[in-house]
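In the order they appear, the protein sequences are chains Y and U.
In terms of the numbering used here, the first sequence opens at residue 1 and continues consecutively.
In terms of the numbering used here, the second sequence opens at residue 1001 and continues consecutively.
Check the hints yourself; a few may be wrong.
Simulated crosslink set (PhoX-like; lysine-lysine; CA at most 25 Å straight-line) [what the hints assert, rightly or not]:
#1 Lys261/Y with Lys1012/U
#2 Lys265/Y with Lys1032/U
#3 Lys1062/U with Lys122/Y
#4 Lys1034/U with Lys260/Y
#5 Lys260/Y with Lys1012/U
#6 Lys1034/U with Lys262/Y
#7 Lys1012/U with Lys1061/U
#8 Lys188/Y with Lys1062/U
#9 Lys1064/U with Lys120/Y
#10 Lys62/Y with Lys1061/U
#11 Lys1064/U with Lys62/Y
#12 Lys260/Y with Lys1032/U
#13 Lys265/Y with Lys1012/U
#14 Lys191/Y with Lys1012/U
#15 Lys122/Y with Lys1064/U
#16 Lys188/Y with Lys120/Y
#17 Lys191/Y with Lys1010/U
Here's a subset of chain Y near chain U, in silico, CB distances under 7 Å, partners left out [stated by the list, open to error]:
#18 Lys53
#19 His55
#20 Arg60
#21 Ala109
#22 Lys120
#23 Glu186
#24 Arg189
#25 Lys191
#26 Phe192
#27 Leu197
#28 Val251
#29 Gln256
#30 Leu259
In case anyone wonders, no lab produced these hints; they're calculated from the structure.
Note that CB positions come from ideal geometry on N, CA and C, so glycine has one too.
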Amino acid sequence: MKNKILFGLIFLFAATVLVYIKLDNVFDSLFVNFLFLFFPLVAALGCAYTLRKLHVNTVRGKVFLFLTLGMFSWFLAELLWTMLVVFLDIEPFPSFVDIFYLLAYPLLAVGFVLEYRMGKIKWDLYRVLLVSSISFILIALTGYFGVFYAYDVDNSIWENIFNISYGVGDIILSILALFILMIVMEYKRGKFFRPWLYVFFGVILMIVADILYSIYFDQYESGVKIYQYIDFLWMGSYLLFAYGFFGIGYVINRMQIDLKKKLVKLSK
Amino acid sequence: MSTHAELIEKAKSVLADNFGLYLSAEYGEYYKDKDDGLIVSSLEELLTEALGSEPCNVQLKKYKIY
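Bound conformation, chain Y alone:
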């Protein structure tokens, strides 16, 4: 089943890339606008699947409650954005839609911190140096392009507030990426290792996409084709989230199946 989901996700991504390459301006395509929505949706469903396996009244269940809410917040934001642009021809920035984009950051933050707190990370010199150097690079990049570069004196106060808020959100996401990296390093001999590694790369890809969007905002919004390909990074990020979050639920599901087999064997 896991391989079927992986192939399905890869097929969806490949099909979307082909559509993007074929069309002159993807923003004019109703089909592409709605196709993009599959990606945050599958990420949210991956979280929801694992939450269902865990139950919300458990510690890891609470992790996935917040992650599910965060992912659904991003899906809702993408959906509302698409509805406003496609059906009402309204430029949705800044608007109430941004609240859903921004709400995801603290929700995901709580989820990742709760997962981090389940374990006990051993801080040796290697890890301190690794985390420090990566955090410096990520925070510098997101801080510069997401906050400093995002401020425009010609924008309205609300545009600047929302732009800078996205930058702050990306800084938070950068720091969380490091928490996730610490988790990944702890789980390196367990089955949770790979799923969390996918989630880590999903966060990195999301940050890269956000930075590129900030740098090439005008070209992207003008519909210059090559800059529309920044969407591939967001899609890739959502797919990595989907596969990672689903992967954790899959491990738990396998444990449940193995237990049932064991109990059936014992009862004979």
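With chain Y fixed as given, assemble chain U onto it according to the hints.
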């Protein structure tokens, strides 16, 4: 509460928090007539499989099973 019953409750807690209520409940029933050594080694196996050996030790110490 006897030590064996306490151990089962702790086992259920660590399993619930890591793998959900279903596994916790089912293993709780399974452990009822098993000796303490088997319960601990079962927990070690499950946690090591999912998390790795060091996080497994962290979890078992955290829930005062070790």
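Results of checking the hints against the structure:
no. : hint                     : verdict
1   : Lys261/Y with Lys1012/U  : holds, 19 Å
2   : Lys265/Y with Lys1032/U  : holds, 17 Å
3   : Lys1062/U with Lys122/Y  : holds, 15 Å
4   : Lys1034/U with Lys260/Y  : holds, 17 Å
5   : Lys260/Y with Lys1012/U  : holds, 17 Å
6   : Lys1034/U with Lys262/Y  : holds, 14 Å
7   : Lys1012/U with Lys1061/U : holds, 14 Å
8   : Lys188/Y with Lys1062/U  : holds, 20 Å
9   : Lys1064/U with Lys120/Y  : holds, 15 Å
10  : Lys62/Y with Lys1061/U   : holds, 21 Å
11  : Lys1064/U with Lys62/Y   : holds, 22 Å
12  : Lys260/Y with Lys1032/U  : holds, 16 Å
13  : Lys265/Y with Lys1012/U  : holds, 22 Å
14  : Lys191/Y with Lys1012/U  : holds, 20 Å
15  : Lys122/Y with Lys1064/U  : holds, 19 Å
16  : Lys188/Y with Lys120/Y   : holds, 14 Å
17  : Lys191/Y with Lys1010/U  : holds, 23 Å
18  : Lys53                    : holds, 5 Å
19  : His55                    : holds, 4 Å
20  : Arg60                    : holds, 6 Å
21  : Ala109                   : violated, 20 Å
22  : Lys120                   : holds, 5 Å
23  : Glu186                   : holds, 5 Å
24  : Arg189                   : holds, 3 Å
25  : Lys191                   : holds, 5 Å
26  : Phe192                   : holds, 5 Å
27  : Leu197                   : violated, 13 Å
28  : Val251                   : holds, 6 Å
29  : Gln256                   : holds, 6 Å
30  : Leu259                   : holds, 6 Å
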